[in-house]
Amino acid sequence: MKTADDAQLAAFDARWRSPRGWLGFFTEVNNQQLGVRFMVTSLIFFAIGGFLALLMRIQLTVPENDFMGPQLYNELFTLHGSTMMFLFAVPFLEGLALYVLPLMIGSRDVAFPRLTAFSYWTYLFGGLIFYASLLTGTPPDAGWFAYTPLSGPGFAGLGMDFWVMGLALVEIAGLAAGVEIVVTILKLRAPGMSLRRLPMLAWTLLVSGAMMIFAFSVLLVATLLLELDRAAGFAFFDPDRGGSSLLWQHLFWFFGHPEVYIMFLPATGIVSTLVTTAARRPLAAYPLVAMAVVVTGFVSFGLWMHHMYATGLPELGLSFFAAASLMIGVASGIQIFAWIATLWGSRPRITVPFLYVLGFFFNFVLGGFTGVMVAVVPFDWQVHDTFFIVAHFHYVLIGGVVFPVFAALHYWLPKVTGRLQNERLGRWGFWLNFAGCNLTFFPMHIMGFLGLARRVYTYPEELQIGGYNIVSTLGAFLMAAGFVAIVVDLLRSVRRGPAAGDNPWDTGTLDGSMSSPPPIYSFLRPPVVRSREPLWGPVKHKAGEPALEEEALSERASAALHAAPSDWRATLATDAITGRPSGVQVLAEPSLSPLLSALGLTLAFVGVLLKSYLLIPLGLVLAVSFLARWMYPSSDYNRKVYSSGLAERSGLPVLLEGARSCSWWGMLCFVGIAGSAFVALFFCYFYLWLFAESWPPPDAAPPDPLRGAIAHAPLLLAAGAAWLAKRRLAAPGFSAARGPLLLLSAALAFTVLQLGLGSFELATLPFSPRDHSYGSSVWVMLMVVLTFSLTAALLLACSLARARRIEPWDLTPLRLQLQLTTMFVLLTALAAAGTYAVVHLAPRLL
Amino acid sequence: MNPRDRLPVSRWTLRFCLLGGGIAWTLHLVGAWAIAEFGILGGFAGVNTLILVLSAAMLLAAGAATLVSAHVRRAAGPENHEDARTVAFCGRFGIVTNAVFTVIIAAQTVPVFYFLDQ
Ligand code: HEM
Ligand SMILES: [Cu+2]
Chain A
1 MKTADDAQLA
11 AFDARWRSPR
21 GWLGFFTEVN
31 NQQLGVRFMV
41 TSLIFFAIGG
51 FLALLMRIQL
61 TVPENDFMGP
71 QLYNELFTLH
81 GSTMMFLFAV
91 PFLEGLALYV
101 LPLMIGSRDV
111 AFPRLTAFSY
121 WTYLFGGLIF
131 YASLLTGTPP
141 DAGWFAYTPL
151 SGPGFAGLGM
161 DFWVMGLALV
171 EIAGLAAGVE
181 IVVTILKLRA
191 PGMSLRRLPM
201 LAWTLLVSGA
211 MMIFAFSVLL
221 VATLLLELDR
231 AAGFAFFDPD
241 RGGSSLLWQH
251 LFWFFGHPEV
261 YIMFLPATGI
271 VSTLVTTAAR
281 RPLAAYPLVA
291 MAVVVTGFVS
301 FGLWMHHMYA
311 TGLPELGLSF
321 FAAASLMIGV
331 ASGIQIFAWI
341 ATLWGSRPRI
351 TVPFLYVLGF
361 FFNFVLGGFT
371 GVMVAVVPFD
381 WQVHDTFFIV
391 AHFHYVLIGG
401 VVFPVFAALH
411 YWLPKVTGRL
421 QNERLGRWGF
431 WLNFAGCNLT
441 FFPMHIMGFL
451 GLARRVYTYP
461 EELQIGGYNI
471 VSTLGAFLMA
481 AGFVAIVVDL
491 LRSVRRGPAA
501 GDNPWDTGTL
511 DGSMSSPPPI
521 YSFLRPPVVR
531 SREPLWGPVK
541 HKAGEPALEE
551 EALSERASAA
561 LHAAPSDWRA
571 TLATDAITGR
581 PSGVQVLAEP
591 SLSPLLSALG
601 LTLAFVGVLL
611 KSYLLIPLGL
621 VLAVSFLARW
631 MYPSSDYNRK
641 VYSSGLAERS
651 GLPVLLEGAR
661 SCSWWGMLCF
671 VGIAGSAFVA
681 LFFCYFYLWL
691 FAESWPPPDA
701 APPDPLRGAI
711 AHAPLLLAAG
721 AAWLAKRRLA
731 APGFSAARGP
741 LLLLSAALAF
751 TVLQLGLGSF
761 ELATLPFSPR
771 DHSYGSSVWV
781 MLMVVLTFSL
791 TAALLLACSL
801 ARARRIEPWD
811 LTPLRLQLQL
821 TTMFVLLTAL
831 AAAGTYAVVH
841 LAPRLL
Chain B
847 MNPRDRLPVS
857 RWTLRFCLLG
867 GGIAWTLHLV
877 GAWAIAEFGI
887 LGGFAGVNTL
897 ILVLSAAMLL
907 AAGAATLVSA
917 HVRRAAGPEN
927 HEDARTVAFC
937 GRFGIVTNAV
947 FTVIIAAQTV
957 PVFYFLDQ
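Protein sequences appear in the order of chains A and B.
Each residue of the first sequence is one higher than the last, beginning at 1 in the numbering used here.
Each residue of the second sequence is one higher than the last, beginning at 847 in the numbering used here.
Some hints here could point you the wrong way.
Which bits of chain B does chain A cover? Going by a derived footprint, with three or more residues having C-beta under 8 Å, they are [stated by the list, open to error]:
#	segment
1	863 to 872
2	910 to 922
3	935 to 947
To be clear, the hints were calculated from the coordinates, so they are not data collected in a lab.
Cβ coordinates follow ideal geometry from the N, Cα and C atoms, glycine included.
Chain A extracted, bound-state conformation (with noise of 0.2 Å):
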């Protein structure tokens, strides 16, 4: 009995097993793994941006110095800013969110294995490229945020290009991770974890991720129109052809504000688990914290128009702005709150990490009061553009962020390493953190309202700020002291650091449940949750409560994953609500196609950088065939599950379609990618529009209605047979594969007319895109569904080679492919009706 269970706890292990060797390195998928690697990348960046403030605080220590000139200034705050912001702090969250999540929810990894991979290597090359800009002769200089015309093919180098590009990437991982993160908290949750149940970090990252989903999409969008201005002369952003600068600050700062919150609101998460844990107490008002949580998802949205006060918009829409600003600061409030009640008469010990929360405290709150400050109409009219802004975010993204994300590193690296640090090291660092921090940041606000500007770099000697400007370089010497602090101590109990335990900090969630560091597949059997802090005493039942059906399914299911299976690797999926155990979900094993698509996607990104056209579109096919080749579901697979017997001793379905597959939900999530980028489009357009002397410009007449109705409708038409090739072989009964095969043809036929139709117009418009912005936008839209018509196609047929021949272990998987595939051709041929109501009708009709 004993070598059976031995026997089968060695192929359970060694399914698992990350690959070896350098090509495993490279095939890595597993969450833990990337997640580190995500975490360790984010640092080093970290470690730059860091650096180049140091150059620039020894510039600004006493005036009119001659450190370095203006445009070196220039380039060192647009690298800072950009790599704090994009390279630095949400990739880091990422990381956090990659390898504690599944620990915190009973996973065994996230959902999509394959795509982690693909959004680290994603990132890793977009930062590569992003910092290869040094390497061009004119780095970018335009600031974090890239105002047009600065960033237009007008004023910057070619270093501005290998921003916009390597940018591009990072969103594409930031996207990744986004659906990555929502769909694993959804469908991958512990039994029993009903959203009630649902750790709180695990709320903030569910409401972070949803929001990476949509504000993402609109900056891919956003940079990639630059790109087309700077490399191709499209005219989006050139006031001289009809283009516009405010466009671009719309579309910035709608990713741009969310942006502060997707990062803020994971670190309240940490937060409340440590005050949590320190208070040893559960979080005092849950649900009212977990609606601030998503009432600040929803409302920081409606944020993007607060940095623009100073550029005269009407003021109606302002005052909109003004309260929603406000409502945020009353989410927060509510979440200081319940962290004061939840630590009120406890008696909390003072770790390290929980020293980094006093001091999130601390500098958050202040931050915040500035905030509130600024968000007053005509106060931010006053110190806009002012140091006193710096001192602002800076104390909102270091208090409110960095600090948290230091509390994490402390918290959790015991977990990851299975050492523990060193106190007196970490004490260290922290008092070097905060004192530095506040005497960084203190004296610009004073040095704000006696004027000192933002972004120059120096200032004259009668402003007399000098005094403030020595301590305030003192203080970003004392951070790094700090951080440096921090890094040492990570060195050394990684080598020498004692044992620390499965739960040095004594925390009531699952992470404290297993060994430091935990095995590869975290669980190896899943856990059944019965309480929102399982580890803290199993609640009781009270008396006379029914004895739990569902309880009784999921000790089932759980015992029949114990250490099973072994011929591939799963976990339990759950329903999103009430955490019933719903289905095994397969995950994806260890691939090199991951890497290999980032690969191709950053050899056509270069390819644009060096204007090699041939690269461009041998990029590509590599990208799409390395996806397909990652994502082509095996018939062999399939029948290793199907015969499998799981299904038998789990009671629940081993092959999953609908919404209890974790793919149903990735699909839905890129629908919302999609449909946020589309939205992105007609909403240039029609701003576009509403600026325009006149619109289509005299000399361009808009396309041909009858024509683009002739180009667009056979997707209605392929929409429509897909969704009846999908009901037919949902149908009960179904054998023959007859019906869907030739619905599915039809569909397939339908699409490549369209292509071929659609591409006919694309070529003979009667205007250019480089004559004016009009002209840009169109060919933009038709281009894009041309683009989505394509990959319909590409699904289309996949599917209808798989349907050719069906085994019975084929067909549940054929059919969630067919939900898949039907779902995109509907959402193409939403985008074409749309789009065919923008260009064509549109103009003709208002």
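Chain A is fixed; fit chain B with the ligands onto it per the hints.
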């Protein structure tokens, strides 16, 4: 039998209860902004009226979400088993969240009256 079907309220009710107010608020904000920006710059006369109509509709939607949440809370019945507790949680969460969004929508509509005078 599929355990999904045994909740006391339908899935769509639950979704509306969890997200209704937020979505109404988003539509209100985006709509009002679009009307203000495009309407004023485009020289359209009925801007204020349109905003009021939009605000009324979205107030109703968010208010309805609040009421539905109250219904969800009641439908959960006595909280003596796990499902009831989950549904009750959704109800409580919905009541607070949707009420907050209703209040924000109302608060954001007030300035319109001020502009109506001008
Ligand atoms: C290590 C401590 C830091 C120091 C000493 C520092 C210092 C500075 C300085 C001197 C500037 C330029 C101000 C100007 O002339 O406009 C700046 C800009 C900026 N910093 Fe930091 N910073 C630090 C950390 C951070 C962190 C952690 C973040 C974000 C998470 C951040 C985000 C930014 C941004 C977004 C800008 C604006 C760049 C622009 O104007 O485009 N900084 N910082
Ligand atoms: Cu903002």
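Structure-based check of each hint:
no.	hint	result
1	863 to 872	holds (count 3)
2	910 to 922	violated (count 0)
3	935 to 947	holds (count 8)
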